[in-house]
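Participant: Taken in order, these protein sequences are the chains called A and B.
Residue numbering for the first sequence follows my numbering, starting at -19 and increasing by one per position.
Residue numbering for the second sequence follows my numbering, starting at 8 and increasing by one per position.
Certain hints may be false.
[Said to hold, decoys possible] Mimicking BS3-like on lysine-lysine, the simulated pairs with C-alpha atoms at most 27 Å apart in a straight line are:
1. LYS245/B with LYS5/A
2. LYS293/B with LYS5/A
3. LYS277/B with LYS586/B
4. LYS234/B with LYS5/A
5. LYS245/B with LYS527/B
6. LYS318/B with LYS5/A
Worth flagging that the hints you see were computed from the coordinates, not collected in a lab.
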Amino acid sequence: MKERKSDMERACKEMRLGVAVDVEKCNGCRTCELVCSLHLSGMFDPYSSAIRIVRPDVHGPISSEIRDGCDLCSGLSIPYCVEFCPTDAVFLTRVP
Amino acid sequence: MPAYGWVGNVAWIDLSDRSIRIEPIDKYREWIGGRGLASHLLLENVPVEADPFSAENIVVISTGPLTGTLSPASGRLSISSKNALTHGYGSANVGGYFAPELKRAGFDALVIRGVAKAPVYLSIHDGKIEICSADGLWGLTTSRCDEALKEQSRNMEARVLCIGPGGENLCKLANVIVDKGRSASYGGIGAILGAKRLKAIVVRGSMSIRVHSPDEFLSLAREAFEKIDRSGVVAHLKTYGLLAASPPGIDGRAAHVVRNYKDGVWDGDKTVKTNPLVFIVGHGVKNLTCYNCPIRCSRLFRYADEDGTNKLFEGFQANHITNFGSMIDNDDPELILEASALCNDLGLDVDGCGCSIAWAFESFERGKLSSSQCDGLKMNWGNRGAVIALLHQIAQRKGLGDLLADGPREAAGRLDRETIGWAMSIKGAPLREINMQTNMSWALGVAVSTRGSGHLNGAFRMENLPELSSEERKSVGFHTRPDEAGTSAIGLGVAWYEDFKSLVDSLGVCYFTTWWINGKALGPSDLAGLYRAATGECVEARELLRRGARVQNIEKAFNTLHAGMGRESDFPPSRLFEKPISRGVNMGALLTRDRWNALLDGYYTARKYDLRSGWQTRECLTDCGLEAVARRLEGAGRLIDPSHES
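Full structure from sequences and hints, please.
Facilitator: Below you can see the structure in the form of structure tokens.
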């Protein structure tokens, strides 16, 4: 499993694929954090999620952060955060 | 043993002696959480003779085992206490982000008792609770308090629950505001916190929430999200949001309430001027959401206040259009928005205020209030200046506001008993509902609601039922087609939805994702699956509904013991039996006492309550394992036991 994960991570790096958030579409529900943390740690813990949604003012702008540790949900055709996002704000993209 | 679903701790906080005791959640698991846990704690811990504003009353702020998990719309919080308006059971429920944050800070629930010597707030961070001085916060509006506490805690991601000036001044229409715009409004809960001199709670958590079977939970959550999406709820509510239920409704049949329920139909041009789309298109800024919710029914609105300053606010709902619109005969959308936003900032319940102000307008019109009693305000229907001034007076308990702050029923008792005839309330709580003469499943659910009056218990929409399969309909109690439903079927339906809604409120998820709003959304089996995977407890939907029935029965017993409620408490105000709707699609609609008595008989039969007194029987309590509650009622002489009757 670990091997497959690192293979996937390597492949993603080679293809320069990653997850990104369109903050204009994002509503700030943080479902992506929940499903990511469940995948990575087996628990609901936004701090162990590789994707972070930050909205200091509940009515204000949203910012996002993709951290180290994202394996694009190795073995899945669509990462969980992309699949579960209710506004299609999270998407796969080529990273610089 | 690790706590699955729950995080494991209930904090008992005594503001009188500043003591804090942490208790494991384990002994309370049978109460599920949220509203269920609160019902048990309130019945066991609040003395019958306790005044709602006394140190003996407790406030239970509780999450559920699904709160903060991937279960859809898992951001709900229950806030429960002895009711300031009815002296019976009080429970409010609110979304936003506070509840998951509280769990991640290590607490499933807070139980607050006592009265602080001086105003305080609670600061909660990763298992630690501090009682801090609220110097500098007392007197602030709710939005300002939210900002000040975030600045003070140097953490802009902290979540704040607070009261406004209304709660501080013990206004019985006061609410609690979460995340600057979400209100928990029933039961004068803001005034209860004000009486405890508790201004706010600020919470920050970085702990994790575990579930028993992560893979199964993920799979069930996926199915639940897909089911909600397929149901049409998302498409409908993301468009209309919380304004979806505004009269005349999508089908043009919903009844208004006009000028303090004098009629159920409003002038066509006024209806057009206050149509939900006027607000959505003309004033809507963007959709907002609660934690982990696919629906995003909330919205940010823009309005101009009396000085012409542009302002933003969240939390605007269909009932706001009613209570600051047709209820006071105002068709100015700007006033509806401004009054609603002001209520949020002052920490006042919009519906209760609209109801109190409508009573005042009518009392003035009928010569029961003089100009001098109204401080010279022009008390003609819909007057913008009077409405805004009265809201400030209510929050400060000044002038006429001191009278209106207690709600229309108590205000009428203090002013002139003749005005009780147009004090629109049930069990002492302001009536905030449309469709009371046209939709019997709705009206019955509102009238028998344990928290006074309100549609968020057993009131259900008959039009949802065709969305259920015939088997599902039978499980809800409907063996007939909905359009053929008689009074007993309606009673069964209300009783079933009461149990279901109690369960939903106990789990810590939002009813907008469930059968309560749409028969194709999540039902008991879906929720039971998520509960099992979260907690590891092998329990079927039927057993969870039985636990919902226990909550309902405890709240009912609380009302009987604390407020002496019985059958007479389950009647809507007399005006609804006297004035038929004058014209339009609902012309002639009127409640009749015979019909209402038949509805109550059907409902009491379904619940196994006594038909004559409306009290509980030994059978209904033993059915759900509440023998101890039966003994308490028996001791108070308020239990009916047919086997003992001659």
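Participant: Checking each numbered hint in turn, tell me which of them this model violates, lowest number first.
Facilitator: none
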